[in-house]
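**Student:** Each chain is listed here by its residues.
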Amino acid sequence: GAGVSQTPSNKVTEKGKYVELRCDPISGHTALYWYRQSLGQGPEFLIYFQGTGAADDSGLPNDRFFAVRPEGSVSTLKIQRTERGDSAVYLCASSLGPQETQYFGPGTRLLVL
Amino acid sequence: GESVGLHLPTLSVQEGDNSIINCAYSNSASDYFIWYKQESGKGPQFIIDIRSNMDKRQGQRVTVLLNKTVKHLSLQIAATQPGDSAVYFCAENDRDYKLSFGAGTTVTVRA
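As you go down the protein sequences, you meet chains X and Y in turn.
Residues in the first sequence are numbered consecutively from 1, following my numbering.
Residues in the second sequence are numbered consecutively from 1001, following my numbering.
One should not assume that every hint holds.
Here's a subset of chain X near chain Y, in silico, CB distances under 8 Å, partners left out [what the hints assert, rightly or not]:
1. Y18
2. A31
3. Q41
4. P43
5. Y48
6. L91
7. Q99
8. Y103
9. P106
Read the hints as simulated data drawn from the structure, not as lab findings.
Predicted model only: the values in this text are computed from it and were never measured.
Using N, Cα and C, we set each Cβ at its ideal position, and we do this for glycine too.
Pulled out of the complex, with its shape left as it was, chain Y reads as follows:
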């Protein structure tokens, strides 16, 4: 079946630098995408979402980009901080209520 996946399982970034986390999806019917952050021992925390009629959406220090042509989603974190260390998941919602998650990218921020 079609699923959401991530390009890299780990990302190490220097504090203060920008982070880019990538995600590829294969279900062309998906029209809603979400990024979640999960810290150790906690549940996924909503970061930002984007619907398929948009190609960019900005939040506080975060930007999500959607490229429907190549079925690619990315999360950009500006001025990465130690508190940004976590596992990041992209998820897709293909016109119904189920979220399909990838395996996640573990982000480690170096001081």
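Just chain X, same shape as in the assembly:
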């Protein structure tokens, strides 16, 4: 079956701009996660959704970052007033539920100039 998909695969933007990153989880997976991966590092947790609600957004670095999942499937990560330090790979993962195997998408490579 289809895995987790993310769009766009690459995004180049200018400092101060607004970006949206999209994640389509595996069908039937109720849990969805966003992680951020800097070069040479492992992924770092950003936010977890169970269904439509953000059960834990403690990993979001500041209030410029926000994520939604209005219908319990597709999720969008939104970054306002982008900064050069936001440049990273943003990974989405989904699982049948918490404590189940998390399957990752290919990521969106964000570059803020």
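Please build the complex by placing chain Y on the supplied structure of chain X, with the hints as guidance.
**Tutor:** Just chain Y now, with coordinates in the frame of chain X:
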């Protein structure tokens, strides 16, 4: 805070040999561990997992060993192939939904 770490950042292995990748963790509350493989430009790919009530689990050409006494996790790859070249991450899930990753081990397979 407690975190997952790896013993070696790089591993070079001859094609056909067995590979062993090690990982140390410090959170004694962690009860679920996962190994991921990440190739350049791709997302992490699930390899194998193990729960804390087990000490060994085998998959196709891979074996994960868990030693809770010394908080050590290892991934063994049998008959390493060129396609096994990648960065390998261990991750822990400490009774909730967050995965904590180490920095990874880069495996290079020599022909």
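**Student:** Can the hint on X/Q99 be confirmed by a CB-to-CB distance to chain Y that is less than 8 Å?
**Tutor:** holds, 6 Å
**Student:** Next item in the hint list is X/Y103. Is there a CB on chain Y closer than 8 Å to its CB?
**Tutor:** holds, 6 Å
**Student:** Is the interface hint for X/P43 satisfied, with its Cβ closer than 8 Å to some Cβ of chain Y?
**Tutor:** Given a least distance of 5 Å, the restraint on X/P43 holds.
**Student:** Can you verify the interface hint for X/P106: is its Cβ closer than 8 Å to any Cβ in chain Y?
**Tutor:** Holds - the Cβ of X/P106 comes within 8 Å of chain Y, reaching about 5 Å at its closest.
**Student:** Would the hint on X/A31 be counted as holding, given a Cβ-Cβ threshold of 8 Å to chain Y?
**Tutor:** holds, 7 Å
**Student:** Is the hint on X/L91 kept, meaning its closest Cβ partner in chain Y is under 8 Å away?
**Tutor:** holds, 6 Å
**Student:** Taking 8 Å as the limit, does the beta-carbon of X/Y48 come near enough to a beta-carbon in chain Y?
**Tutor:** Status holds, d = 5 Å.
**Student:** Can X/Q41 be said to touch chain Y, with a Cβ gap under 8 Å?
**Tutor:** Result: holds, 6 Å to nearest chain Y Cβ.
**Student:** Tell me if X/Y18 is really an interface residue toward chain Y, meaning its C-beta lies closer than 8 Å to one of theirs.
**Tutor:** violated, 24 Å
Hint 1 from the list above is the single one not met by this structure.
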